[in-house]
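Top line first, the protein sequences correspond to chains A and B.
In this text, residue positions in the first sequence follow numbering that gives the first Met the number 0: the first is 0, and each later residue adds one.
In this text, residue positions in the second sequence follow numbering that gives the first Met the number 0: the first is 0, and each later residue adds one.
Keep in mind that the hints were calculated from the coordinates and are not lab data.
Cβ coordinates follow ideal geometry from the N, Cα and C atoms, glycine included.
There may be inaccurate statements among the hints.
[To be verified] Covered stretches of chain A, as calculated for chain B (at least 3 residues, CB under 8 Å): (1) 42-51; (2) 56-65; (3) 320-330.
[As the list claims (entries may be wrong)] Straight-line Cα separation of at most 35 Å, DSBU-like style, residue types lysine-lysine; simulated pairs: (4) K334/A to K106/B; (5) K73/B to K200/A; (6) K269/A to K100/B; (7) K334/A to K100/B; (8) K334/A to K73/B.
[What the hints assert, rightly or not] Counterexamples of contact, computed for chain A against chain B with all Cβ distances above 10 Å: (9) N35; (10) N138; (11) E264.
Residue strings, one per chain:
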Amino acid sequence: MSKNQVRLVDTDIHERVQYQDILKYLDEPFKHYIENCHWIQEKHMPYTQPTVAGVDRADAVVPDGRPPATDLAFMQEQLLDDLDHEYGILTSALDPSPSSMHGWYEMATALASAYNDWQIDNWLEKDERLYGSVHINANDREGAVKEIERVGSHPKMVQVLLPIDDNMWGDPYYHPIYEACEKHNLMIGMHHNEPPVYYGKWPRYFIEWHTLIPTAHMKIITNMVFNGVFDKFPNLGLMMIEGGFTWVPHLMWKMDQQYRDLRHEVPWLKRKPSQIFKEQIRVTTQPAEELTRQEFESVVEQMGSDDILCFSTDYPHWDYDSPTRALPNMDPELKRKIFADNAKSFYPKLPNSKEGN
Amino acid sequence: MREQVVCKTTDLEPGEMLASYFGKQNVLICRTSDGEFYAFRNQCTHQGAPLDKGMVCGATTEESTPGDYHYCRKGEIIRCPWHGREFDIKNEGRMLANPDKKLPGFKLRIEDDEVIVYK
Ligand code: FES
Chain A
0 MSKNQVRLVD TDIHERVQYQ DILKYLDEPF KHYIENCHWI QEKHMPYTQP TVAGVDRADA
60 VVPDGRPPAT DLAFMQEQLL DDLDHEYGIL TSALDPSPSS MHGWYEMATA LASAYNDWQI
120 DNWLEKDERL YGSVHINAND REGAVKEIER VGSHPKMVQV LLPIDDNMWG DPYYHPIYEA
180 CEKHNLMIGM HHNEPPVYYG KWPRYFIEWH TLIPTAHMKI ITNMVFNGVF DKFPNLGLMM
240 IEGGFTWVPH LMWKMDQQYR DLRHEVPWLK RKPSQIFKEQ IRVTTQPAEE LTRQEFESVV
300 EQMGSDDILC FSTDYPHWDY DSPTRALPNM DPELKRKIFA DNAKSFYPKL PNSKEGN
Chain B
0 MREQVVCKTT DLEPGEMLAS YFGKQNVLIC RTSDGEFYAF RNQCTHQGAP LDKGMVCGAT
60 TEESTPGDYH YCRKGEIIRC PWHGREFDIK NEGRMLANPD KKLPGFKLRI EDDEVIVYK
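Okay, chain A solo, but in the shape it has when bound:
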């Protein structure tokens, strides 16, 4: 990162909780269900783990043997200090992922609150570079709004996290959540969980599922745009996390063309979908395909905006992107935007953002 002296704003860092560490933040009887009845988050994947240390970088295991990203000191040493991060946005390991639970919504709501308190105490208040994501159980809409009211004004909470799986978050049922986000200057961060539905069931191999993760991101953006979320909440922004970015031009063109044909069905749209995208949707870069400079700059040009991309490492996951190796060399001004300024402009609560802090 020495080149051009851009200090990184890393838009995707997965801190991880071990269930025993959130027990003290949980009320009874929910604590009892974990402590004595061994509740764990439902998991579905039928596959082998992708690489030698499961879903993580093998060198990110904490030296005392704890799982990657469970320890702030080691994260500081391996990531934040080593790469000289200016800011990092915590996005959790989606375990627990309260909004993904297919039932037992009171448990999910309690878990979201416990997680937020744990995150604030152990990460946000311990390292000034780290900013956080509010966890909610969106399927308990009132509970979710209450949680946003409870912790959303914390100065270091910059977004509300929603998983991409089998929920359609654009549905008007969820709109009170976006109203609460707007009120607290929070953006929405979306990250895929298991299983975003591609085939109605799992494909046979992990490589098929992992190759097509961008389609899950395209699906939920399409849903949010055509359900009118962005016109109804003009100050809301959506950060799409960990789906890569080369699909962006395709989706913009496709949505615009469909809108010209089928506007009659979604008359609440006031702008072209690509315009909505440029103004209110941002995309983290990881996992980046291996592009040449020419290919990369051409994709950005096809987006019609250099405000959209925000660099992310995805630490400590196995498909981590190195800030010095993952993207090709590029124009210094573009580099500054992608590695720092775009994220600062997007999150109203990050210092130095356009709105000022």
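Dock chain B with the ligand against chain A, hints included.
The following block gives chain B with the ligand in isolation, referenced to the frame of chain A:
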């Protein structure tokens, strides 16, 4: 000629690897299951991960057919600790999925119980 003892033969069992230094360069010493030693630069050609934090293992091979795995080469393949790319220790460190790419290697010889890397 520059040369340096990087470890003892007894430091590595077959199927293991370790990181050492050759001058200022971080090198990876591997011992395949037949007991042979090899040395590569300890940095993945993809995004630079430290290879010694990965694993020496086997691989599913080209003889596999759809739905029917063929697995062998135990102790001959390095898997990177980050994105999991596989490198063939006995074939000049070539990447299994793209044999045009290989890990830069070092010359190596054994004298008594010393593993020596040289240029
Ligand atoms: S750094 Fe080794 S596979 Fe990517």
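For each hint, the structure was consulted:
1. 42-51: holds (count 3)
2. 56-65: This one holds; 3 residues, not fewer than the three required, reach chain B with a Cβ under 8 Å.
3. 320-330: n = 5 at 8 Å, threshold three: holds.
4. K334/A to K106/B: Roughly 40 Å between the alpha carbons, so the hint for K334/A and K106/B is violated.
5. K73/B to K200/A: holds (34 Å)
6. K269/A to K100/B: Violated, at roughly 51 Å.
7. K334/A to K100/B: holds (28 Å)
8. K334/A to K73/B: This hinted pair is violated, its Cα atoms lying about 43 Å apart.
9. N35: holds (37 Å)
10. N138: holds (34 Å)
11. E264: holds (42 Å)
Hint violations for this structure: numbers 4, 6 and 8, all remaining hints satisfied.
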